[in-house]
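Using the sequences and the hints given, assemble the complete structure.
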Amino acid sequence: MQLYLPIAEVSINAFLLLGLGGIVGFMSGMFGVGGGFIITPLLFFIGIPPAVAVATGANQVVASSISGVLAQLKRKAVDFRMGLVLLVGGMFGSAIGIWVFARLSVLGQVDLFVQLAYVFFLGLVGALMLQESLRSLRRSKKPGQPVKRSHVHTWVHRLPFKVKFRASGLYISVIPPMMVGGLVGFLAAIMGVGGGFIMVPAMIYLLGMPTKVVIGTSLFQIIFVTAFTTVMHAVTSQTVDMVLALLLIVGGVIGAQIGARLGVRLKAEQLRILLALLVLAVSGKIALDLLLTPTEFYSITPGTLP
Amino acid sequence: MIRLLALLLLVLAPLAARAQDESIVLGLSQTSVAITADFTGSEILIYGAVKREAPQPEGGPLQVIVTVEGPPTPVVVRRKERRLGIWINRDKVRINHAPSFYAVATTGPLEAILSETDNLRYQISVPRAIRAVGISAQAEESPSFVEALQRIREQEGRYHLDEGTVAFTEDTLFRTDVRLPSNLVEGNYRVRVFLTRDGRVVDSLEGGIGVQKAGIERFIYALAQEQPLIYGLLSLVMAVVAGWGASAAFRMIR
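Chains R and X supply the protein sequences, listed in that same order.
Residues -7 to 298 (our numbering) are what the first sequence spells out, left to right.
Residues 1057 to 1310 (our numbering) are what the second sequence spells out, left to right.
To be clear, the hints were calculated from the coordinates, so they are not data collected in a lab.
Fair warning: there could be bad hints in the mix.
[To be verified] Partner residues are not named here, just some residues of chain X that face chain R (Cβ under 10 Å, in silico):
1. GLY1083
2. LEU1084
3. PHE1095
4. VAL1132
5. LYS1136
6. GLU1137
7. LEU1205
8. ILE1208
9. HIS1216
10. ARG1274
11. ILE1276
12. LEU1289
13. TRP1300
14. ALA1302
[Claimed, not checked] Footprint (simulated), chain R over chain X, 3 or more residues, beta carbon under 8 Å:
15. 1142 to 1155
16. 1232 to 1241
Here the structure is a predicted model, which means the values were calculated and not measured.
Where is the CB? At the ideal position from N, CA and C, for every residue including glycine.
Structure, rendered in C-alpha cells:
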C-alpha cells in the first residue's frame, strides 16, 4: 500500500515503513539503544531526504524509548536518580554540540565529519564491547577462576559530591555521570542520534553500573534528549514528518515490547556481544561507503539563491 | 472520441490566440493535480489540434513537441574525489535554474524535428531546460556537473525524453500522455506545445497544471510550516501516547 508522505514529499510503501520501525523498536527494547544510528541510514536508503530522516528518526526514538522504559520499569530496572544526573550533563553537552555543528556547517564538509564520527565511535565502542564480553563469557565457562569483583575502586570513587544511587547499587560522585552525560549529549547532537550506543557501554565500563539497570536508565535519558531534538528540528527546519513518524512508531512500539521480553531470556554477555556485532556492522558499512569507489561521483542538494 | 474532441475544440478555440496560417488549440485532461495520501503519481492527457486559416503550406510534414516543466529551483551539484584514501565531496557547482520535473514528448526524433537555433530560442530539450549560467568559473569541467544532474534526475524519473509518443492524426489532431511521478513538488507545472516544420517552430502555446497537496496532507504540511512549535509538540504527544499505548496494550494481552 503506497502512502504519500506530506513533509518528505515521496510515496513509500506503508508496510515497508512499519517493518523498519519494527526492526528498530525490537533492538531498542532488547539493547536499550534508541536505534537512531540504525533508523537514520535505513531511511536514507529507502529514499527519504536526509534532513527529514534525521528529524523524524528522533521522533520515532522518543516513542520506542518510552515503550521500552515502561517495559523495564516493571522489572524495576530504571535508576531515575542516575538518569536525571546524566540528563543534566546531557543538556549541556547537547547545547555545545549544536553550536559546534553549526560552525562545521559553515565550514562545509559536515557530512564527512558526521560519517567519520560514526565510523570512529561505533567502531571503538563496538570493538571494546565485543572484546570485553567475549572475555567474560570465556571466564564464566571456566569454573574455578577467581571471581571478579563487582567494581574496582579507582580515582572515580575519591571525587566529592557523592550520592547514593540505590537502584544501581553505587555510591559515587555525581561528576563522572554528569561528564558521561555531557559527552554523550555532545556526540548525539553532532551525529543526530540519541546516543544510547555510547551511553550503554559508558555506564557499564566507566561508571560500573550493573547491566540490568543500564538499559532502562539509558532509555529514560534518551527520551528527553530525542524529545528536545525533535522539537528543535520541527521549529528550525520543519523536517519532522508526522505520517512517516506515526508508521515507524506503530511498528517500533510493537517491536520494542517483543525485544524487551526476548532480552530478559538472554544472558547479559550474549546481549552485549549481539549489540557489539550490530554496532560494528553499521560502522563497517559506513567505512566501506567512504573507502570504496562510488558508482555515482556526483550528488545533488537543494541550493539557495545567492 | 473524435466528436468529443471536436466539441472540446469549439470550447477551447479562444485559447488559440495568434491568427496565423497554422495555430495550435490545446486541451488538458485536468488543470490541477491533488496530492492525497494515496497519491502514486498521475497521468495527464494533453491533446489538441492544428487550426488552419489557409490550405496546408508547402514543406516537410508537421511535427508536434509537448513539454511539461515542474517548478524550477536552484541546486548544488557536488563531485566526490579521493583524498587520503577516502571519498569526500570536493568541487561543487551551483545551478540556478533546474526544473524539479521535465518531460518532453514528440512525434519523432527530437534532433530531426527541431533545429538547434529554435531549441536554443525556446529552450525545449532537457539540457536546454536546465539553465546553468556562469558555472565555468566554479569548477573545472563544469559541463560534466550539468550532465550529472541530468543523468541522476533521469534515473529518478524526474526528467524524460519520450520520442515518438505523441500521436498525430491527419496532421490535425494530436494527443499524448505524460506521466507525473509520485515524488512531485507542489507548484505550477508549465505545459508547452510546439508545432514544427522542417525544424523551425511554426507555432507554440502554453498552459498550466496546478499541483497541490490536498486533504490531510495539506493540513499536516500547512501546520508544519505555519505553527512549527505546535507541530513539534504534537509530534511528541503522538510519540508519547503511542509508546505508552503499546506498553498498555501488551500488558492487557498478557
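To see whether the hints hold, each was checked on the structure:
| no. | hint | result |
| --- | --- | --- |
| 1 | GLY1083 | violated, 27 Å |
| 2 | LEU1084 | violated, 22 Å |
| 3 | PHE1095 | holds, 4 Å |
| 4 | VAL1132 | holds, 4 Å |
| 5 | LYS1136 | holds, 5 Å |
| 6 | GLU1137 | holds, 8 Å |
| 7 | LEU1205 | holds, 6 Å |
| 8 | ILE1208 | holds, 6 Å |
| 9 | HIS1216 | violated, 17 Å |
| 10 | ARG1274 | holds, 8 Å |
| 11 | ILE1276 | holds, 4 Å |
| 12 | LEU1289 | holds, 7 Å |
| 13 | TRP1300 | holds, 6 Å |
| 14 | ALA1302 | holds, 3 Å |
| 15 | 1142 to 1155 | holds (count 7) |
| 16 | 1232 to 1241 | holds (count 4) |
Taken one by one, the earlier hints fail for this structure at numbers 1, 2, 9, listed in ascending order.
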